[in-house]
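The listed protein sequences correspond, in order, to chains D and V.
All letters in the first sequence, in the order written, are residues 1 to 219 by the UniProt record's numbering.
All letters in the second sequence, in the order written, are residues 1 to 644 by the UniProt record's numbering.
Worth double-checking, as some hints may not be accurate.
Stated by the list, open to error - The list that follows gives simulated cross-link-like pairs (lysine-lysine, DSS-like), each with its CA atoms no further than 27 Å apart: (1) V:Lys-247 with D:Lys-123; (2) V:Lys-430 with V:Lys-442; (3) D:Lys-123 with V:Lys-464; (4) V:Lys-74 with V:Lys-225; (5) D:Lys-120 with V:Lys-177; (6) D:Lys-77 with V:Lys-597; (7) V:Lys-225 with V:Lys-430.
No wet-lab data here; the hints were simulated from the structure.
As the structure is a computational prediction, the values presented were derived from the model and not from experiment.
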Amino acid sequence: MVVLNEQLFDCEINSIQFYKIQYNSFKDNLVLLGEAAVGKSSLVLRFVRGHFLDYQESTIGAAFLAQTVCLNDTTVKFEIWDTAGQERYHTLAPMYYRGAQAAIVVYDIRSQDSFERAIKWVKELQRQGSPNIVIALAGNKLDLAAKRKVETSEAQTYAEENGLLFMETSAKTAQNVNELFVEIAKKLPKTPNPRPGSGRLPISPIDNNPQKKKPCCSS
Amino acid sequence: MDEELNHVIDESRANYLDKDNYDVIVVGTGFVESLVAGALARVGKSVLHLDQNCYYGVNCSSFTLNQLSDMLTKPNDDSTTASVVQPILKNPYIYYQQPPTPPTPAQLPTQVEQPTPVEQPVATEQQTTTTTTNVEESTTLDTNDTSVESTTTTTTATITPVVEKEKEKETVKDVFKVGRQFIIDLFPSLLYAKGALVQLLISSSTSKYLEFKTLDKNYLYANGKLHAIPSTKGSIFKDNTFSLKEKRYIMKFIESVRSIVGDNSSTEENNTEEQEKQQQTGETLESVTKKYKNFVEFVKSYQMSSNVETFILYGICLIHPRSVEQVTVEEGILSVLLYMTSLLVYGESPFLIPYYGYGDIPQAFCRLCAVFGGTFVLDRTIGSINFNENQYTGITCSAGQPLTSKYLIASPSVLSPYIEAANLQPQYTKEQYSRCILITDKVIVNSSECSYITIPPNSIAGNKSTINVYQMENICVARGYVLIHFTTLSNGATARDDLEAVVETFAKKGCLYRDIDADSNSDAKDSRPNIIWSGYFNMDLNTSIVNNKSPLSELMPKGIFVSSDSPISASIDYQSQINEAKSIFSMIVPGVPFLEKVPDSEDIIWNSEEEQSATTNETTTTTTTANTDNSNLTESNNNDDKQE
């Protein structure tokens, strides 16, 4: 009736991009927690890149990797978050594990302290994490079992009591590393999560710059 | 004896950091500080980031209900450790579930409050419940958690509006059981979808650490009613607030604002129209800035109805709760324009809300800093600052460890005890804000879960300044509850004086509660929200007087830079804070790009090596290992402990 009104709130360019919101692009966030130097990064590097460095530097510069796990009929894409050294002085930002769907809490089987710290992390996750978070407890450095301080049975019992996945792993020999991630992938809900309060969206560079397109979707 | 002494020394040094020399020490994890820290680490500077509190964010922080309640009930006690001192929340006052008679204004609080008799049982009950649940938690936490949740939902749902004391207590107890599911911002704000901060989050790759939700609706309170601010053509047609004539006024105004700024966002098709507009007005930003004293005058020059003026001044031009007369023509025009360009970018609303609260934004930049090697220590601050003549050399931190660095960055509230700078304070405006956090069982504006309401001055109980109201449901809040934030600029009055009448209006008189279809329905009364818990407090914020020509830091001893510690901006949409961060950054590393994009791990996987080295900033990241088949995790130098 009043054609002029059409101009009132038009937003020519933007309205096209409105449809580009990628609601389906959610990946499963997986965080690694644990005391410094228990081998969080090594586990990830073994899993993602398939190799191991004897002297892995304290994590700097990356701390954010993506990897796809193929199960029989589905694929699970992990976005793996490393703590970037923020755990050293126990200053890991709560933001880090808030939206995570899965967590691997790592300890060093040679260190009772690291196991106790791991238990603290499990409690923290149960308190602050997503309600349906999948938590795995990983006793790393199984290749150094000769110097073991944390008994398998102790950790196993704790994990069972708290409904955690449990594995002893070695990033060095790759023992149980893939298995650990695959077990987690199996436990994650297959359909996109019915997320609390739908409508979450990541802000991605949908603004006016075609160069920013992702090169390709991963295999 | 000696051994004992050594032991004592060892004990005191147990908290020492491994490394005592850094390029930059940043104190306070507030918005500006976090931005600078992230940017500096990004270009390879070694950064130590301390915070006097045991949480991130300073004034830009988020808390659970239990934490906030503790902060408000425990009076400031300087004798306790730094982590417990909460100097930022003044005039605390907690109130829950109205006794039959409303508190008379005569009960005005002088400072700390009377809630002790009521509060005490809650606190203990809360402790006991947490301990009991802890025991249960050890077995099956998930089921336990959901059961708690569901019981609360049912109890709150069955609460009758008739006030029964027993039930009230139940309600408060219940809400504290799920209190940790609340994420309560000390100072909530709005992010424009096309605003400076969102752009920076995207361009710096920090957005991948965060998730957002669009605001559902934006309201203006005028003439005793709430008016939804339409954002799409469809809703404009339906809108019955304005007459057709008024709609045309608004349209004209927006067109002319666009032409004044020379907005080129219109497509080709509109070019002719655009030119016409240009001819019509012929104004530029400079000419209107000269012509009109402030934005109000500018808007008035269009001679629109007062309805429309209010709509533009308070509904579309959203400046933080300063007096509208202080808004310059330029600020106002840019704000209107930003509002327009932000529409329909991520959803109907031009605004985004962080999914887990505003506290995550500084944390995201801190994480960026950590990812690039920054060290973070909370609950530690400056003990003293060391100088060599007028040159800053380092600090002795509160744990007693001497630390050296080339630069120190901190906010006035951190620095002022250590530096006698007559010139420190005048560069900052100290503004007091009044806040109220309200938890209800029902929404105040039904139909929309997350809403933002602007209440212009003199709308409810003679409010002096604009009041901003946020309603949050589904995010940042436990199921079955609604979290409502009230914020206003205070003229020295307590938060309770400033806001209680408004809160009462919301909850009791229900005049803001707009039940579109059921206005005449008798059920409408029952569906009014009940106050379950409310907390009032004041915050003093040092807002930088943005004046890039004479940065405050120039007046400081060499090597010290001052950041403003306000979570709100002097200008719209964090632009001034981002500018502040940029200017500090460029004084430390001149000519280096600020917060460049971090190569995405996915991009790296699929790029060839050459391309990658082009995208990766050599100064910051060096690829360590050879490119094995699928990925190139970037790592760098600069380690101080070995990981397996």
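> Is the Cα-Cα distance between Lys-430 of chain V and Lys-442 of chain V 27 Å or less?
Replying inline: Roughly 36 Å separates the two Cα atoms, so the pair is violated.
> Is the hinted pair Lys-120 of chain D and Lys-177 of chain V satisfied, with a Cα-Cα distance of at most 27 Å?
Replying inline: holds (21 Å)
> Holds or violated: Lys-77 of chain D with Lys-597 of chain V, Cα cutoff 27 Å?
Replying inline: Since the Cα atoms of Lys-77 of chain D and Lys-597 of chain V sit roughly 23 Å apart, the hinted pair holds (cutoff 27 Å).
> Given the proposed pairing of Lys-123 of chain D with Lys-464 of chain V, does the C-alpha separation stay at or below 27 Å?
Replying inline: violated (47 Å)
>> What's the verdict on Lys-247 of chain V and Lys-123 of chain D, does the C-alpha distance respect the 27 Å limit or exceed it?
In response: Distance ~56 Å between Lys-247 of chain V and Lys-123 of chain D Cα, so the pair is violated.
> Within 27 Å, alpha carbon to alpha carbon, are Lys-74 of chain V and Lys-225 of chain V?
Replying inline: violated (38 Å)
> Quick one, are Lys-225 of chain V and Lys-430 of chain V close enough, alpha carbons at most 27 Å?
Replying inline: With a Cα-Cα distance of about 33 Å, the restraint between Lys-225 of chain V and Lys-430 of chain V is violated, given a limit of 27 Å.
Checked against the numbered hints listed earlier, the structure breaks hints 1, 2, 3, 4, 7; every other hint is satisfied.
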